[in-house]
Amino acid sequence: MAKYIAKRTVAAVVTLLALITIVFFLVRLMPGEPFTNPKLTPEIKANMIAYYGFDKPLPVQYVEYLKNLLHGDFGFSMKYTNRTVNDIIGETFPFSADLGIRALCMAVSIGLVLGIVAARNRGNGIDFFCVIVAILGTSIPDFIMGAILQYFFGIKWGLLPVALYKGIEYTILPATALAFYTIASVSRLMRASMLEVVQQDYIKTAKSKGLSDFRVTVKHQIRNAIMPVITLMGPMVASVLTGTFVVESIFAVPGMGKYYVDSVNNNDYSMILGMTVFYGAFLILCNLIVDILYGVVDPRIRIGKK
Amino acid sequence: MKAKKFLALALAAALALSVAGCSVPGQTTPAASTPAASTPASSTPAASTPAASGEKVFRYAVSSEATSLDQQKTNSVGDNELVRSMQELLVRVVDGQIEPAGAESWEISPDGLTYTFHLRENKWSDGQPVVAGDYVYALQRLMDPATASPYSFIGEYIVNAREIEVGEKDPSELGATAPDDSTLVLQLVNPTAYFLSLLGSASQFTPCRKDYVEQYGETFAADGEKNVYSGPYKLVSSANQVYIFEPNEYFWNAEKVGFDRVEVNVIADSNTQVAMYNNGELDYLNVPTEQVPAYDDVDEAYMNGSEDWVYINAKSDNKVLGNSNFRLALNYALNRVTYNQLANNNVYEPWGNEVMPMVSGVKGFYGDEYTPNGYPLEGDAAKAQEYLQAAMSELGIASPSDITIQFTTSDNAGWKKIAEVIQEQWQTTLGIKVEIRQVTYSEIYSNVYPTHDFEVGYGGWSPDYPDPYTYLELFISDNVYNYSNYANAEFDELMKSTRTETDAQKRMDTLAKAEQILLDDGAVVPLQLRNQHYLLDDDIGGVNFYFSGFNIDWAYGYYK
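First to last, the sequence lines map onto chains A and B. Sequential numbering of the first sequence, starting at 1, is according to my numbering. Sequential numbering of the second sequence, starting at 1001, is according to my numbering.
Bear in mind the hints are in silico, worked out from the structure with no lab data behind them. No experiment lies behind these values; they were computed from the predicted model shown. Each hint should be verified, as a subset may be incorrect.
[To be verified] The calculated lysine to any residue pairs, modelled on SDA-like cross-linking and capped at a C-alpha distance of 25 Å, are:
(1) A:K56 <-> A:F24
(2) A:K156 <-> B:V1292
(3) A:K56 <-> B:G1217
(4) B:K1363 <-> B:K1513
(5) A:K39 <-> B:T1192
(6) A:K39 <-> B:T1500
(7) A:K45 <-> B:E1173
(8) B:K1169 <-> A:D55
(9) A:K45 <-> B:Y1216
(10) A:K156 <-> B:S1063
(11) B:K1417 <-> A:P38
(12) B:K1363 <-> B:T1114
(13) B:K1496 <-> B:N1479
(14) B:K1433 <-> B:D1402
(15) A:K45 <-> B:D1411
(16) A:K39 <-> B:R1499
(17) B:K1417 <-> A:T36
(18) B:K1496 <-> A:T41
(19) A:K45 <-> B:E1473
(20) A:K45 <-> B:T1451
(21) B:K1169 <-> A:P42
(22) A:K39 <-> B:N1447
(23) A:K67 <-> B:G1217
(24) A:K39 <-> B:Y1302
All chains, please: the whole structure from these sequences, using the hints.
Laid out in C-alpha cells, this is it:
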C-alpha cells in the first residue's frame, strides 16, 4: 500500500508541474493585457510592466515563478494591486469549501438514498418520483434554481436571508441550489449501479444461502454498487469545494468562484495561474484520496495492487 | 452489519451537517471579531435592520470589489468613492460646488500657476497630526515610477510630475512643497482652470503616511489596519467582500459624521442587489438598467458622467472614413431616439453633441451658456443622403453598396446589441454595408483602440474633472487617447491656446469653438449620456451624487 501511495504521489507532482508549465505559457497567449484601463498611458503601462517584472524574458519569469512557488508564493494580483493571490485564496477558499461541503453532504446523502430506494422499487411509483427528481435536477440550471429558491424562501415567504454568508441560516439556500444537480447525478448513478449489481451471481448466491433481503441489499448490493459513486466523488469534491461562479454570485457568497472566472476576463496572469494551480493540486489530491479509498472499500483492489 | 451501521451513520451525519452544520467561515476567522460579527447576531434579516439595533448603519452594495484602496493607486470610480470617505481631500466637491476641507483657505497666484493651501488642524485616525508634508509625500509617491500607480497621469498638471513619471527626474523635484506644517504649495505647468475641481474629487491627491507605506510595502492598504485615515471614516475591515467603515474620531469635522457604521457589500449579481433592497437589507440601490421600467415612479436618477460614442478612425485604411462628408452622413443617418429605445431600454439620454452639458462653463453649466450646433437627435435621412452623395463624388464611388465599414465592439454585456442597432440603421438609411467585429474587452483598450487597429468602434469616456477640456482633448492630434487619429490643425491650435489662457470667458469661448469644429467635421458619432437610476431610503439625507470622478458621496450622509 505504501509503495502504491508513493507511486501515485510522484505521478501527482509530475502532473502538477506539467499543469503549471502549460498554464504559465498559455495565459500569455490570451488576447489582451492585464492592464486595461482606457485611461492608461503608455508610460504608466511601462511602469506597471516593470513593477510586475514582465519586462524580463519569459523563461526568466518562468524560473522565478517556479522559485516563488517552492515557497508557496503565488505573487501579487494584477487587478487587485496590493493583494497577493495567496491572501485572496486564503480568504475565499474557506467560504467555497464550507458551502461545498454542505452541498456535497446534502447531495450525497439524499442522492444515495434516492438511488437505492429507486432501484429497490424499480418500475413503480416511487421509482418514477425519483426519476422526476433526477430529471429536474439535471435539466434546471443552477442559476434558475438559485433564483427560484431565493425568490420563494427569501423574498416571498421571508423565511431565509436573500443573500450573503454570515451565519448558518445564510447557508441553506445556496447549499441546496448547489446540491440539486449533484443529487440528480448521484441518484441516477447509484440506481443504475444497484440494478447492475443485482444481476451478479454473488447476489444470487447470497439469496440462495438464505440471507435476509435486508442483509443482501446492504452488505452485498450497496457495498458493491457504491464504487462508481466514489469514482465520481474525486472530481466532484474538487469542483464543488473550490467554488462555483453562478451560485456564489447569486447568493453573494464571498467564495473563490467569482475570482477564478473574473481573473480570466481581466487577464490577471498571476491570479489565473494561482487559482489554476490551487485547483489542480486540490483535484489531484482528491483523486489520490479516492484511489486510496478504493482499497478500503473494495478489498479486491488492495490485493490486485500488491 | 458493520457496513450498514457505518453507512447509516455517515449519511445521517452528513445530512445533519449540511443542514445544521457548524459555524460558517466568517464567524470563526479572526476577521469575525470585527464589528460585522460582533453586532447582535440576530437570526432573521428583519431583526438586523438599524432601527432594531438602534445603530445608524448605512448599507449598500457595489457590483465589484475595489481594485485598490491605496489612495495613490485607486483606479476606478468605485475605488475613488470609497477612498474619498476615508481620506481628507484638500477641498471637497459637494453638489458641484467646491468647499474647503483639508484646506481651510487657499490663494491662487494671478498667473494661475501657484496654489497655496492653508491646512486646517486635522488628525490621522491614530491621533497624529496631518501635516503638509503628508500631502507632499503622497504626490511624490503618486508620480514615482516605483509606485507604478495606474492613475498617475492625474498628477501630470504639477511641475516636473511628467518627468518624474517617466524616470527623468527624482520625485523630490516635484512642484509640491511644504514651507511649514500647515502650508502646502503646488506649482502647476499650466494655469489649469479646473484644478480645484480635480482636487475636490480625485482621491489620488489625498495625504499619505510614509511610515505606514514603509511598514507594509506592497501590501499597504490591502486591509483596514494596513493604512491610517485622515477622512470622516476609517476602514475597519475589507475582509470577505464587505467594506466596513466607522467614524474616525480624530477627524476635524467628526461631529458632522452621521453614520455609526457603513457597510458596503460586494454583490456581483444585480438581481440579488434588488432582492436585498426590497427585503430591507440595503438602504441604497443602483437600479440595474433592465429593471428601470419596474421602478418608474419611485426611483430617482442622476447622470453618472459616462458618455458613449462611436469612434471613427480617420486615418483608417478604409478611405471613406477620412472623408468628413461621409462621417457626417453616419452622424445624420442615426436616429438616436430610436437607437436609445432599442439598445438601452430608453434609460439613457440620447445625445448629439460631444461635450456633456453639466460640465462647468464660465459661471454656471457649460450646457446653459453654450449650445454648439450638434446632430439632430432623431436624425435627418435627407441630409444624410446629401452628405453621402457628396462623399461618394469626392471619393469616386458609384454606389453606396460599394462601401463597407467594420464596426468593432467588445464582448461586454450589451455592446453587441448596441453595434447591431447602429448597423441596422446605417445599412437601411445609407445603403452601405456594416460588418460587426467582436473582440474581448481586455483587448479593446489595450491592443485595438490605442494601436488604431479598427475602422469604427464603440467606446466612451468618463470625466475626471468637470470641464469641456476632458472631452475635447481626446481629439488633439498628439493626445495619447486620440484613438480616432483625428488631426485638425485649427482644432489643435485652439485647444493649445486654452491651456495658457487665464481669462475664463475667453477660454470657454475657445473650447466651445473647438467643439463646433469637431461637430462640423463629424469627428465622432456621439450616442448617449448615461443615467443611473437609484433608490435611497427616505430617512437618509446628506448623500449626494456627481458625474465626475465619483458618483455617490456619503461622507457626510446622515439619518434624518
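If you draw a straight line from the CA of K39 (chain A) to the CA of R1499 (chain B), is it 25 Å or shorter? holds, 20 Å
Report task. Verify the proposed pairing of K45 (chain A) with Y1216 (chain B), using a straight-line Cα cut of 25 Å. Result -> With Cα atoms ~24 Å apart, K45 (chain A) and Y1216 (chain B) stay inside 25 Å; holds.
Quiz item: Under the criterion that the straight-line Cα-Cα distance not exceed 25 Å, is the pair K1363 (chain B), K1513 (chain B) satisfied?
Solution: Holds, at about 18 Å.
CA of K45 (chain A) to CA of T1451 (chain B), is that 25 Å or under?
holds, 14 Å
Checklist entry - Given the hint that K1417 (chain B) pairs with P38 (chain A), does the C-alpha gap stay at or below 25 Å? => result With Cα atoms ~21 Å apart, K1417 (chain B) and P38 (chain A) stay inside 25 Å; holds.
Please work out if K1417 (chain B) and T36 (chain A) have their alpha carbons no farther apart than 25 Å.
-> Given that 25 Å is the threshold and the Cα spacing comes to 22 Å, the pair holds.
query: K156 (chain A) and V1292 (chain B): Cα distance at most 25 Å?
result: Holds, because 21 Å separates the two Cα atoms, which is no more than 25 Å.
request  = Assess, step by step, whether the Cα of K1496 (chain B) is no farther than 25 Å from the Cα of T41 (chain A), and give holds or violated.
outcome  = holds, 20 Å
Exercise. Is the hinted pair K56 (chain A) and G1217 (chain B) satisfied, with a Cα-Cα distance of at most 25 Å?
Worked result: holds, 22 Å
Discussion item. Please verify whether K39 (chain A) and T1192 (chain B) have alpha carbons no more than 25 Å apart.
Written reply: With Cα atoms ~19 Å apart, K39 (chain A) and T1192 (chain B) stay inside 25 Å; holds.
25 Å Cα cutoff - pair K67 (chain A), G1217 (chain B): holds, 21 Å
### Query
Would the pair K1496 (chain B) and N1479 (chain B) pass a check requiring their Cα atoms to be no farther apart than 25 Å?
holds, 11 Å
Of the numbered hints stated above, none is contradicted by the structure.
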